[in-house]
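These protein sequences, in sequence, are chains G, R and S.
Quick note: the first sequence, position 200, residue 200 per my numbering, numbers continuous.
Quick note: the second sequence, position 215, residue 215 per my numbering, numbers continuous.
Quick note: the third sequence, position 55, residue 55 per my numbering, numbers continuous.
Worth double-checking, as some hints may not be accurate.
[Claimed, not checked] Taking beta-carbon pairs under 8 Å as the criterion, some of the chain G residues facing chain S (in silico):
hint: 1; residue: Ala121
hint: 2; residue: Tyr122
hint: 3; residue: Tyr164
hint: 4; residue: Asp238
hint: 5; residue: Asp244
hint: 6; residue: Lys245
hint: 7; residue: Gln396
Hint data in this document are derived by calculation from the structure and do not stem from the laboratory.
Beta carbons are placed, not taken as given, at the ideal position from N, Cα and C, and that holds for glycine.
What follows is the residue order along each chain.
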Amino acid sequence: MTAGRGARWVLLALLAARALCAQDFVFNNGPEPQSLDPARTSGVPETRISDALFEGLVVNDARTGAPVPGLAERWTISPDLKTYTFTLRATTWSDGTPLTAQDVVDAWLRVLEPRTGAPYAYLLGDSIQGASAFSHGRGPAADVAIRALDPRTFRVTFVGPLPYALAMLTHNAFMVTPSFAVRRYGPGWTRPGHFVGNGPYVLKAWKPQNKVVVVKNPRYWDARDIHLASITFLAIEDQNVAYDKYLAHEIDYATEDAIPTARIDEIRLRPDYHHVPGSTVYYFLFNVTRKPFDDVRVRKALAMAIDRQELVDGVLKAGEVATAGFVPTMGGFHTTRGNAFDLDQARRLLAQAGYPGGRGFPPCTVVYNTSARHRTICEWLQQTWRRGLGIDVQLQNLEWNTFLDTKQKTHAFQLARASWLADYPDPSNYLDLFRTGAGNNDGRYSNPAFDRLMARAETLAPGPVRDRTLEQAETLLVDQDQALIPLFFYVNKFLLDDRRWGGIYANTIDIHHPRWWFAR
Amino acid sequence: MTPMEALPVPAAPDPLPPPVSPAAVAWRRLRGHRMALASLVLLALYALLCLGAPLLPLHPYAEQVLAHENLPPSFQPAGITLLATREAELRQLLAAEQRPASPRERTQLAGLARAVASDPVHRRIYLLGTDALGRDLLSRLLYGGRISILIGLLGTVTAMLLGVALGSIAGYAGGLLDTVIMRGVDILFGLPYLLVVIILMALFGRSVFNLFFAVALLSWLTLCRVVRGQVIGLRHAEFVTAARAMGASPARIVFRHLTPNTLGVIVVFATLMVPEFIMAESFLSFLGLGVSAPLASWGSLVADGAAVMELYPWQLLGPAVAMTGFLFAMNFLGDGLRDALDPQSRRGGVHGR
Amino acid sequence: MKRGPKSPMLRFLLRRGLSLAATLFLVITLAFLLIRLAPGGPFASEKQLPPEILASIQRRYHLDESVPRQYLRFLGDLAHGDLGPSYRYQDFSVDELIRDALPPSMTIGALALLLALVGGVSLGTLAALRQNSWLDYTAMALAVVGISVPLFVLGPLFKLGFALRHPWLPTSGWIDDRRGWLTLILPVATLTLPYLAGIARLTRASVLEVLRSDYVRAARAKGLSEPVVVLRHVLRGALLPVLSYLGPACAGILTGTVVVETIFAVPGLGRLSVQAAINRDYTLIMGDVIVFAVLLVLMNFLVDLGYGFLDPRIGHGADAP
Chain G
1 MTAGRGARWV
11 LLALLAARAL
21 CAQDFVFNNG
31 PEPQSLDPAR
41 TSGVPETRIS
51 DALFEGLVVN
61 DARTGAPVPG
71 LAERWTISPD
81 LKTYTFTLRA
91 TTWSDGTPLT
101 AQDVVDAWLR
111 VLEPRTGAPY
121 AYLLGDSIQG
131 ASAFSHGRGP
141 AADVAIRALD
151 PRTFRVTFVG
161 PLPYALAMLT
171 HNAFMVTPSF
181 AVRRYGPGWT
191 RPGHFVGNGP
201 YVLKAWKPQN
211 KVVVVKNPRY
221 WDARDIHLAS
231 ITFLAIEDQN
241 VAYDKYLAHE
251 IDYATEDAIP
261 TARIDEIRLR
271 PDYHHVPGST
281 VYYFLFNVTR
291 KPFDDVRVRK
301 ALAMAIDRQE
311 LVDGVLKAGE
321 VATAGFVPTM
331 GGFHTTRGNA
341 FDLDQARRLL
351 AQAGYPGGRG
361 FPPCTVVYNT
371 SARHRTICEW
381 LQQTWRRGLG
391 IDVQLQNLEW
401 NTFLDTKQKT
411 HAFQLARASW
421 LADYPDPSNY
431 LDLFRTGAGN
441 NDGRYSNPAF
451 DRLMARAETL
461 APGPVRDRTL
471 EQAETLLVDQ
481 DQALIPLFFY
491 VNKFLLDDRR
501 WGGIYANTID
511 IHHPRWWFAR
Chain R
1 MTPMEALPVP
11 AAPDPLPPPV
21 SPAAVAWRRL
31 RGHRMALASL
41 VLLALYALLC
51 LGAPLLPLHP
61 YAEQVLAHEN
71 LPPSFQPAGI
81 TLLATREAEL
91 RQLLAAEQRP
101 ASPRERTQLA
111 GLARAVASDP
121 VHRRIYLLGT
131 DALGRDLLSR
141 LLYGGRISIL
151 IGLLGTVTAM
161 LLGVALGSIA
171 GYAGGLLDTV
181 IMRGVDILFG
191 LPYLLVVIIL
201 MALFGRSVFN
211 LFFAVALLSW
221 LTLCRVVRGQ
231 VIGLRHAEFV
241 TAARAMGASP
251 ARIVFRHLTP
261 NTLGVIVVFA
271 TLMVPEFIMA
281 ESFLSFLGLG
291 VSAPLASWGS
301 LVADGAAVME
311 LYPWQLLGPA
321 VAMTGFLFAM
331 NFLGDGLRDA
341 LDPQSRRGGV
351 HGR
Chain S
1 MKRGPKSPML
11 RFLLRRGLSL
21 AATLFLVITL
31 AFLLIRLAPG
41 GPFASEKQLP
51 PEILASIQRR
61 YHLDESVPRQ
71 YLRFLGDLAH
81 GDLGPSYRYQ
91 DFSVDELIRD
101 ALPPSMTIGA
111 LALLLALVGG
121 VSLGTLAALR
131 QNSWLDYTAM
141 ALAVVGISVP
151 LFVLGPLFKL
161 GFALRHPWLP
171 TSGWIDDRRG
181 WLTLILPVAT
191 LTLPYLAGIA
201 RLTRASVLEV
211 LRSDYVRAAR
221 AKGLSEPVVV
231 LRHVLRGALL
241 PVLSYLGPAC
251 AGILTGTVVV
261 ETIFAVPGLG
271 RLSVQAAINR
281 DYTLIMGDVI
291 VFAVLLVLMN
301 FLVDLGYGFL
311 DPRIGHGADA
321 P
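Excised from the complex, chain G in its bound form (with noise of 0.2 Å):
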C-alpha cells in the first residue's frame, strides 16, 4: 500500500471509530477554567462548562439567546413589575437529592456573602431589594428579597422594574448550586467524586490543563431531550493549536479560541464557517487626565482621522461591524452616530488644539495586551494617523497582568486597547462603565450631566422615555465628549459541520447551550 492509499484507510479508520462514538462531542474551550463553581468565576470558558453542568431559572434559547424556562416552569410578574414569582419543576439533583425553592434561596445567598468572594455578586446586589447591604456585611441575609414561599415556588423583588430582569437571570452568578454539597465537601465539591449538578450533564472528569469531560445527567427533568452522550471541553490556550486540531477532526466544533485571526481568509471561506455580528465592543479608551488628551478636539482628532471601514474591510476581513458608536442597537435603543471618519475636520480641530500638522504633539503611547491581532490593528491605527494628522504614537504591548494594572490600577497610560462583553443584554452594562469613580472606569472619565442621566434611567421602567434618555447618555459620551474611540463590534464565530452536528446557532450573544446540542 502506498503511503497515500495508507493514509486514506487511517483516515476511514478514523472517521468510523468517531461515527461509533457519534455521540460524544470534543471541542476546545480555551484556557483552563479557573473553577467549576459558578459562584465564583467570570470568564467565557468557565461559562461555557457551567452551563452544561448547572441549570438557572431560566436559559438562554438556542436561536435568539432569548430566555426561556430552565429549572423554572413558567413564573408571574408583579403590575410593578419589580416582583417575579416562579413555579419550578419537580426535579431532583443528579444525586437523587429532591431541588427545592430553598436551594435556589441558599445558592443566591451563597453569592451574596462576602465570604464567597463572588466577582459577580453585584449583578445580585445592585439589582434584588436588601442584597446590596448583605454582600457588604451590612446587613443579614433574612433581608434579602428572596424567598422560597413553598417547595416549589420562589419568589424574587427587584430594586426596579429591571427591563433586563430575565435575560440577567440566565447569567451564571444566578444558577442554582447545591449548597448542602458546597457545605459537605468544602473547595473539593466540584471534583468529580463528590459533584452535584442539576444540569443536562454531570462532572465525569477533570484533567487540569488537560480536559473536562460530562456524561449526560439522567436525573435532568428534561433528559429525554439531551441527545449527546458526553462532552469534552478541552483547555488549550494557542489557537493554532486548536485549529490545527479541528482540521485534523479531532475537534467537533471550532470556537472563537480556535480560529486564528491570522488565517481568516482561508477560514471564512470554508463551508462550515459560520458568523453573526455580536455585540461585544472593541476600542480604545482615552485616559482624559492626561495630556494631550485632557482637550476634547484632540480626542476627536483622533477618531475622526481612523476610516473604520477599511480597517474592518482590509485587515479585519471576518464580517467585523465598524462603528463610532458605543453600545450597540438593541430594542428600542439606538446606537448614537458617533463621530464619523472625516480627516478634514479632524486635521482642523488638531490645529485648534495647538498642533497644526501635528507639529509639536507630545509623545504618546497607546497600550494593549499581548496578541497578534491587537498588534495589527495597533499598527494600522500608528501608520492611519501618521499620514493622516501627521503624528507619532509609540506603541506599547504589555503582557496581561502588567497590562490590567497599567489600565486599572496605576492608570499610567494615555490610549489603552479594551473591549466590553455585556453582562445582560441591556445598554446601562456599557454605559455604566462611565459613571464617575466606577469600579471599571479606567479612564477616569467624568461628568456629572451623564451620571444624572444615567441615575435617571435607573429609575424608569423600559420603554421608549428609558431609551431615550440612555440615547441622550451615549450622545454625550461618544459625540460630545469622545471619551473613548469605539472602532468596531466583534463577529461572533465558529466552524462546525451541520451535517453531523445540530443546536449550535449563530446568535448575537454568542451564547451556545450545551443543553440544545445533538449529532445528527
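Model the placement of chains R and S on the given structure of chain G, informed by the hints.
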C-alpha cells in the same frame, strides 16, 4: 671513493622560521578551514546588508499598503502580482461554486486593473513578498536582522564580560569569593527565567536594550562556570607562579595572564552564544515578550510566519532561512575558531602534520 | 580537626548535599520575594473585582499580611509538605496540579534526553570513524540544521508533515486521548532533534581528538579489535565533553518543554509554569520553582558523579570544575 664519502652530504639545517604571534598562527590555521572561511564571508555579507540597510533602496519597513497584503515574492511589479492573485482567487471561487462571474465581481476586477495601471504604488517590487499589512518582507527582514544581530552581539559581549570577569575572579581567588560567586550562579540558574524576564520588562520598560539585557542575564552563567574551570586548571601553572614571584597583583595576574590563556575557549563560546541569544530572543517573541511593534526581529518574523505557514509559506521561509543561515555560519565559524585556537588540536598547525 | 566520615566519597556527597540544600533555600527565598515585585496579582481580571470582594479573597489567602509574615507562613507550610492551594485554579491544590503535570513533562524530557544521548553519540562516533565520507557530511549537515532551526518552527513543520497532510499521527494531545501512545511521537521527536544534533557534533569532534591520542594507538597496537577499541577506550575519554554539555542540555530541555507542550497541547509542567507566571499564581509559581530547582540540582549532581566515573583524574575536592 670511500663508502663514507659516497654518503650524501647533509645540507645546512634550515634556519628556524621567524617567531609568529599566536594570533597569526590562529589566523593561518583558520584560513585552512574552508567551511569556517565560507562562513566568515557569509557573516560579513549579513553584517553589510543588515547594518547598511538604511543605505539600501528598500521600501520603508513600517509602511503599510493594505492593497498589497499577503503578496507572494516576485520580480514583477506588485500590481501585476496583485491582479494575478485576485484573478486566481476568483477563478477558484467560481470553480467551487460552479457559476460564472457576477457583474459586480467583473467591475471590481476591472477597477483593480485600472488602479494598477494608474497608481505608482503598484509599480513596487516585493522580492520577498509582503505580510498581512502589506509591508515589504525584504526590508523587514533586513531591519529585523539588525535587531537580532545587535541583540546577539551586544548580549554576547555583556555575557562575556560578566562571565569572564566573574569566572576568572572566582577561579583564581578561590575560598569565600569563589563560593559566593558560584552560589550566585546556582541561584540565578534556579530562578524561573520567564518570570524574571516579565519582571524586568515591567520594571524597566519595553525596549530593545532591556530585551537583550533580559536575555544576557542568564547567558553568562555557563561561561562563568567554564572560565572558572579553566582558571582553576591554570592556577598552578608556572607562568602564574613566576608572575606572582615578580610581585604582580592578583588583578594583573588574572586579567593580564590567566584570561588571555583561556581566550580560545571564550572565543569559541562566544560564537556559539550568538546563536543562543538569537534563539532566546525568538523564544521570547514566541511568548509575546519580544520587540515592540512596529519593529520586527527575525524571531518575531519567524513566530508570525509559523502561524500562517500553510497559507503564505514565504512569510516563514524568508526569515527562517535568513536566521538559520546566520546560525549555520556562526556554528561553522565556531568550529573553525576552536580548531584554530586550541593549541592541542591536531588540525593544521605551524609545521603541519 | 573534627573526624568526619572517612570515605572521601561520603565526605564529598555530604558537602555537596549541604551546599545544594543551601542553594535551594536561597533560590526559594529569592523567588518568593521576586514574584511579588511583578506588577499585577493573582486576582486581576478584565472586569475588575469590586474592592470588598478583592479584600475578602486576599484575606482568605493571607495576602493582606506583610511579606515577611507570608514568607514565614510559607516556610511553615512547606515544612509540612503543604504547597498550598492554587490562587488561580481554585479547585485544585498546587500539589495536585504539579503531580498531574510532572509525568507528561518527565516522560517527554527523559525520552528526548535518552534518544538525544544514544542517537547523538552513535551518530557522532560513526561520523568520526568514517570521517569525510558522505555519511560524515550528511550527518553533520543535518546536525547543524538541527541546532539552527527553532523548536517553534520544527514542531509545526513536523505537525504539518506527519499529522495534517497525512493523518498518520495525532496533531496534539496526550496519551490519554483516543490514539494513545502515538501522541507521544511528535513532541518527543521535536524536542530530541536539536540536542541530538548538538551531541552528535560534540561527540564527533571529541572522538576525532581521542582517536589520535597515544593510549588509543597503544590499544590498537595491542591488537584489540576495532569495536573493543572504540567502546572501551575511545568513548570513555571522548564522552567527557558530552557530559559537561548535559548540564546545559538539561536546562535547555526544561525550557524546550515549554514550547513543545504549547505546540502539542501536552498537559505538562512547562505549560503550567508559563501560565502560572502570566497569572501571577504565587503558590503555583513557588511549587514550580521548587520542582525545577530540585531537578536542576539533581541533574548537576548526577553530572558531577558522572565526571568522577568517567575520568578518575578529577578529584572530588573543592577544585572540581
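- Task: Would you check whether G/Lys245 satisfies its interface hint, that is, whether its CB is within less than 8 Å of any CB in chain S?
- Result: Interface hint status for G/Lys245: holds (5 Å vs cutoff 8 Å).
- Given G/Asp238 as an interface hint, is the shortest Cβ-Cβ distance to chain S below 8 Å? Interface hint status for G/Asp238: holds (6 Å vs cutoff 8 Å).
- Message: Hint validation: G/Asp244 versus chain S, beta carbon distance must be below 8 Å. Holds or violated?
- Response: holds (5 Å)
- Task: Verify the interface restraint on G/Tyr122: the C-beta must sit less than 8 Å from at least one C-beta of chain S.
- Result: holds (6 Å)
- Query: If you take the shortest Cβ to Cβ gap from G/Tyr164 to chain S, is it below 8 Å?
  - Reply: violated (17 Å)
- Task: Grab the minimum C-beta distance from G/Ala121 to chain S and call the hint holds if it beats 8 Å, violated otherwise.
- Result: holds (6 Å)
- Query: Does G/Gln396 pass the interface check with chain S, least Cβ-Cβ distance below 8 Å?
  - Reply: violated (14 Å)
Of the numbered hints given earlier, the model fails hints 3, 7; all others are met.
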